[in-house]
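Colleague: Our numbering puts the first residue of the sequence shown at 3, with every later residue one more than the last.
Simulated from the structure, these hints should not be mistaken for laboratory data. Some hints here could point you the wrong way.
Below, in silico cross-link-like pairs of lysine-lysine (DSS-like), each with a Cα-Cα straight-line distance of 27 Å or less [to be verified]:
hint, residue 1, residue 2
1, Lys4, Lys81
2, Lys87, Lys64
3, Lys87, Lys110
4, Lys4, Lys64
5, Lys4, Lys87
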Amino acid sequence: MKRTNVSSVLLVGVVAAAGMWIITRYFYASMINVPASVPMAEFLIAAVLAWAAIRVSQRVEKHQIGQDRSQLNPVTAAKLLAVGKAGAWTGALFGGAYVGRALYVVPKMGELVAAHDDVPLVLASVAGGLAMSAAGLWLERACSVPPPPNGEAVR
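Between the sequences and the hints, there should be enough to build the whole structure, so can you do that?
Modeller: The following block contains the structure:
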């Protein structure tokens, strides 16, 4: 599996921002306010991804990769790598979408009461999406387990 290209993740975020800005521009009057659960969920997922990245990094640094119960199983590392990839892409989509919404509501917050009320949670959602994407990329990088030295078998 190839590493996620950071520029591709950024591109997805930019496209999501542009799309959401267009949707928000034309349909803001019909949209509901951002629920507080959105940034909370994003930050919770980012925290779980970051915790997993720290744990995997510690195991890799201590050369605790292998089949023993006290070691990190390579299959588990591969599964966590996939979770990290998913977190990076999902964070880019959510973060980008809320950037697009922020591009509409921040300039309008002096004119529209709804926009004024929306700004704090929209900005928190942007930060949560960015945190989720960054933590996902970190976990993916942490799960890049180096091969055993000198062609040895995994213990």
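Colleague: Next step is simple, just say for each hint if it's right about the structure.
Modeller: Do the hints match the structure? See the list:
1. Of the supplied pair hints, the one linking Lys4 and Lys81 holds, its CA atoms being roughly 14 Å apart against a limit of 27 Å.
2. At most 27 Å may separate the alpha-carbon atoms for a hinted pair to count; Lys87 and Lys64 meet this at roughly 24 Å.
3. Taken as a hint, the Lys87 and Lys110 pair is broken in the structure, with Cα atoms around 35 Å apart against an allowance of 27 Å.
4. Between Lys4 and Lys64 the CA atoms are separated by roughly 24 Å; this keeps the pair inside 27 Å, and the hint holds.
5. Proximity of Lys4 to Lys87 is assessed by CA-CA distance (about 10 Å); at most 27 Å being required, the pair is judged to hold.
In this structure, the one hint that does not hold is number 3.
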